[in-house]
Amino acid sequence: MYAGTNKGGTEAIIAAERLVLQRRAMLDGVITVDQVIECFPSALDKIMGEGGLWDPQTAATAFLQAGGDAAEAVHLLRAHRSTLPRLAYSEPVNPRELELLRRIVPAHRKPDGPQLLGETVDYTARLLHAPDAPWDSEPPLPVDPPAPDDEPTEPPRDEPFRRYRDYLADRGVLADRHDPEDPEPFDLALMAPQLPADRSALLSAMALAETGGLINIWYQSIIGPDGYTDESVTLGEVRHGRVPLRVRHPHTGNPVQIGRLRVTETEAITHLTDRGEDAATFDIGYGMALGHNERKTIAMASLDLAAHRFRGTEGGQRLDQILLHTTDGLASCGFLEHLKLPHYVTFRSQLERAEAAAGEAVPTTETEHGEECDHDHDHA
1 MYAGTNKGGT EAIIAAERLV LQRRAMLDGV ITVDQVIECF PSALDKIMGE GGLWDPQTAA
61 TAFLQAGGDA AEAVHLLRAH RSTLPRLAYS EPVNPRELEL LRRIVPAHRK PDGPQLLGET
121 VDYTARLLHA PDAPWDSEPP LPVDPPAPDD EPTEPPRDEP FRRYRDYLAD RGVLADRHDP
181 EDPEPFDLAL MAPQLPADRS ALLSAMALAE TGGLINIWYQ SIIGPDGYTD ESVTLGEVRH
241 GRVPLRVRHP HTGNPVQIGR LRVTETEAIT HLTDRGEDAA TFDIGYGMAL GHNERKTIAM
301 ASLDLAAHRF RGTEGGQRLD QILLHTTDGL ASCGFLEHLK LPHYVTFRSQ LERAEAAAGE
361 AVPTTETEHG EECDHDHDHA
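Reminder that position 290 of the sequence shown reads as 290 in full-length UniProt numbering, one-by-one numbering, no gaps.
Simulated from the structure, these hints should not be mistaken for laboratory data.
Keep in mind it's a predicted model, so treat the numbers as computed, not measured.
Some hints could be false.
Said to hold, decoys possible - Computed spacing ranges between beta-carbons, pair by pair:
hint	residue 1	residue 2	range
1	Glu11	Gly316	46 to 54 Å
2	Ala125	Glu11	51 to 59 Å
3	Trp135	Gln194	47 to 55 Å
4	Gly68	Ser200	29 to 37 Å
To be verified - Within a straight-line C-alpha distance of at most 25 Å, the following computed DMTMM-like cross-link-like pairs (lysine to aspartate or glutamate) qualify:
hint	residue 1	residue 2
5	Lys110	Glu97
6	Lys110	Asp283
7	Lys340	Glu11
8	Lys110	Asp166
9	Lys340	Glu72
10	Lys340	Glu352
In this text, a Cβ means the ideal position worked out from N, Cα and C, and glycines have one as well.
Put together the whole structure using the sequences plus the hints.
Okay, structure coming up:
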């Protein structure tokens, strides 16, 4: 936060804060935290994912306090997270224990396990609903009754369904990316990002990334100069569900389940056909994010593939740098927002240099500078 100001500036800042508080006071009792949780689940999932904190009540409070501004809500959530003590480290989450809420396999019509569409707007017509019209719970088009031999629509939720990657592995066409050393994952909550970055650091950065920004980077990576997109990546799995969260008991040392966490995960498949690659194999990229955020995990899995395939090249190094240093929404918005703060001295010096270069420098009077207090780079 910039510290320099004068008396008039302080009064203006206090007045601006008063307007914010007045607007928040008007919402007291009008919209509750529980209503926000029920009405805006997708927005809260994004906020919790980018904020790195799973707590719907706190995320809804931040959403209300920010007036629906997702970037500000993420800032509030990160600031709150920084005050919380770290009580324990969880055990690694096993995605194969996912309790399915949704699972689609675009690569195969009838994979092992179900094609479970769940709740989705993927097939919904984008027609604006009249504000006061009641919602009809039935679809507008007739639906044929299921055939007797169709798979049940309600499979056992905790069944460990076989992944599509297992199907590829059994056929001997899946590239081996297993690291036998199993290094400790890079935790961006504890360590600052640094290059060169390993896979866990890139995945950690993308999991916290601003969703729209990550999608933009992915889209830039697949669109050609002619405007056509590269569709060489196929989605193997897109899953949404709950995974058990466990910690070690402080006395027995045994893992104890303390709850469940809702996550989305995606596996993206590509055929290795570039020079120097084994054309008889496929590679798989992975993405996982808090809550229900399929757009993020699809972009994440595709970029994980790209980062691995081009590692060691100039393009791969550039991609690592972009993913590690430019995808955090809080950092990028913070730098952008600071441009609105006073930069009087900085710009005055630029103006004087420009005038001097043109041979038209005009000396500045004492009065012009006397009452200004500017600390362009003095932080509180």
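Hint by hint, here is what the structure shows:
1. Glu11 / Gly316: 46 to 54 Å: The hint (46 to 54 Å, Cβ to Cβ) holds, given that Glu11 and Gly316 are roughly 53 Å apart.
2. Ala125 / Glu11: 51 to 59 Å: holds, 53 Å
3. Trp135 / Gln194: 47 to 55 Å: This hint holds: roughly 50 Å between Cβ atoms.
4. Gly68 / Ser200: 29 to 37 Å: Cβ of Gly68 to Cβ of Ser200: about 33 Å, so the range 29 to 37 Å holds.
5. Lys110 / Glu97: Within the cut-off at roughly 21 Å; holds.
6. Lys110 / Asp283: Measuring from Cα to Cα gives roughly 21 Å; hence the hint holds.
7. Lys340 / Glu11: holds, 17 Å
8. Lys110 / Asp166: Distance of about 14 Å is within 25 Å: holds.
9. Lys340 / Glu72: Given pair Lys340, Glu72 holds - Cα atoms ~16 Å apart, limit 25 Å.
10. Lys340 / Glu352: holds, 21 Å
Taken one by one, the earlier hints all hold for this structure without exception.
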